[in-house]
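Trainee: Here are the chains, one letter per residue:
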Amino acid sequence: MLSLSEELQEKVFPKNVIEFGPFAVNDSVISGFIVVAALLLAALILRLTVIRRWKTTPTGGQMFLEWLVSFFDKSADEMTEKYSGLMGPYTLGAAAYICCGVLIELFGLRPAIADVCACLALALCSFLFIHTLGFVKNKYRRLLHYVNPINIITDLAVPVSMTFRLFGSILSGMVIMDLIYIVVGKIWYLGIPVVIPAVLTPIFTLFHALIQSYVFASLSLTFVSEAIETPPRKEKRRKRKADPSPVQSAQ
Amino acid sequence: MEFLITMMVNLLVDMGPAIGAGIAALTGLGAGVGMGIATGKAVEATARQPEAVGKIRTMLLLGLAFAETTAIYGLLISILLIFM
Numbered sequence: 014m015l016s017l018s019e020e021l022q023e024k025v026f027p028k029n030v031i032e033f034g035p036f037a038v039n040d041s042v043i044s045g046f047i048v049v050a051a052l053l054l055a056a057l058i059l060r061l062t063v064i065r066r067w068k069t070t071p072t073g074g075q076m077f078l079e080w081l082v083s084f085f086d087k088s089a090d091e092m093t094e095k096y097s098g099l100m101g102p103y104t105l106g107a108a109a110y111i112c113c114g115v116l117i118e119l120f121g122l123r124p125a126i127a128d129v130c131a132c133l134a135l136a137l138c139s140f141l142f143i144h145t146l147g148f149v150k151n152k153y154r155r156l157l158h159y160v161n162p163i164n165i166i167t168d169l170a171v172p173v174s175m176t177f178r179l180f181g182s183i184l185s186g187m188v189i190m191d192l193i194y195i196v197v198g199k200i201w202y203l204g205i206p207v208v209i210p211a212v213l214t215p216i217f218t219l220f221h222a223l224i225q226s227y228v229f230a231s232l233s234l235t236f237v238s239e240a241i242e243t244p245p246r247k248e249k250r251r252k253r254k255a256d257p258s259p260v261q262s263a264q
Numbered sequence: 349m350e351f352l353i354t355m356m357v358n359l360l361v362d363m364g365p366a367i368g369a370g371i372a373a374l375t376g377l378g379a380g381v382g383m384g385i386a387t388g389k390a391v392e393a394t395a396r397q398p399e400a401v402g403k404i405r406t407m408l409l410l411g412l413a414f415a416e417t418t419a420i421y422g423l424l425i426s427i428l429l430i431f432m
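One line per chain: the protein sequences are A and B, in this order. If you read the first sequence in the working numbering, its first letter stands for residue 14, the second for the next number, and so on. If you read the second sequence in the working numbering, its first letter stands for residue 349, the second for the next number, and so on.
Treat the hints with care, since some could be wrong.
[To be verified] Residues from chain B that face chain A, not an exhaustive set, calculated with beta carbons under 7 Å:
1. A413
2. T417
3. I420
4. L423
5. L424
6. F431
Honestly, the hints are just simulated from the structure, not real lab data. Each residue gets a CB set at the ideal place from its N, CA and C atoms; glycine is no exception.
The task is simple: from the sequences and hints, build the whole structure.
Mentor: Written out as structure tokens, the structure reads:
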């Protein structure tokens, strides 16, 4: 019989399912594919059925969909004024992928996000958005930001910290649930193996999924809004020389 | 004396990862204190100005995520130490 830690060790790291040459596909990737397919299918079905029969007096499902979309659109609008058309859908997509990628654990598959590479991919997407939008908005003036070389490290630390935040919290939730399954599986007493995980799953899986997807979306929005700020120095000086009195209008 | 030293070295070699994992889990201390302070301040702010509850909640969640990150780093390091 395996000891507890050996049993857990088998579950912590992803297993390679398919291997040919340099390509190795592990079970996280497969559940990732399943999640993407399910999301696309759901989007298609919703587009063809619910959205065609949009009503002026909304039903519950329509209210929920409208709330979901307008929630992300509104927060994108607040943070990244001009680019909200780009950032709103992106954050909604990333949040949906993270949320469903974690919730697939409820079907007994390995969560898609419990792999460093999946988190790194998402974080790199955000990283690309941050810097592309920053350079598009401020052009060469954005380079002034790097006059202080510590900013390079700050910028490079963003995707790393996003990766490990996501990965760590999802992995910790998964490890705790696996531990509970292992411990509870040895108690045969009166349906306890069924009841206890059912009570604890919402705490460690559902809660993590919702919180982490929200945090990822709002963090990428925050960083983008930080990147597209116009550097104020030169404009301030020029304005002060031109007319020193209206300080309030400058701000 | 020599026996003692070899014993200590053997103990460290055997138990090193476990001790390291235990020390790494201490990151939870700082994160716990930080999250507690943040939540307390959010409650105070809500009590003072109940109409701002939406904004406060957003900021609180972001701050909690940042505070939680340190604890998660510690957890990752201890998991890596135990299982690798």
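Trainee: Take the hints in turn and mark each one as holding or not.
Mentor: These are the hints, each one checked on the structure:
1. Hint on A413(B) holds. Least Cβ distance to chain A is approximately 4 Å, under the 7 Å limit.
2. The beta carbon of T417(B) comes within 5 Å of a beta carbon in chain A, closer than 7 Å, and the hint placing it at the interface holds.
3. Hint on I420(B) holds. Least Cβ distance to chain A is approximately 3 Å, under the 7 Å limit.
4. The interface hint given for L423(B) is met, as the beta carbon of that residue sits about 5 Å from the closest beta carbon of chain A, less than 7 Å.
5. Hint status for L424(B) relative to chain A: holds, with the closest Cβ pair at about 5 Å, below 7 Å.
6. Because the smallest distance between the Cβ of F431(B) and any Cβ of chain A comes to about 5 Å, under 7 Å, the interface hint for this residue holds.
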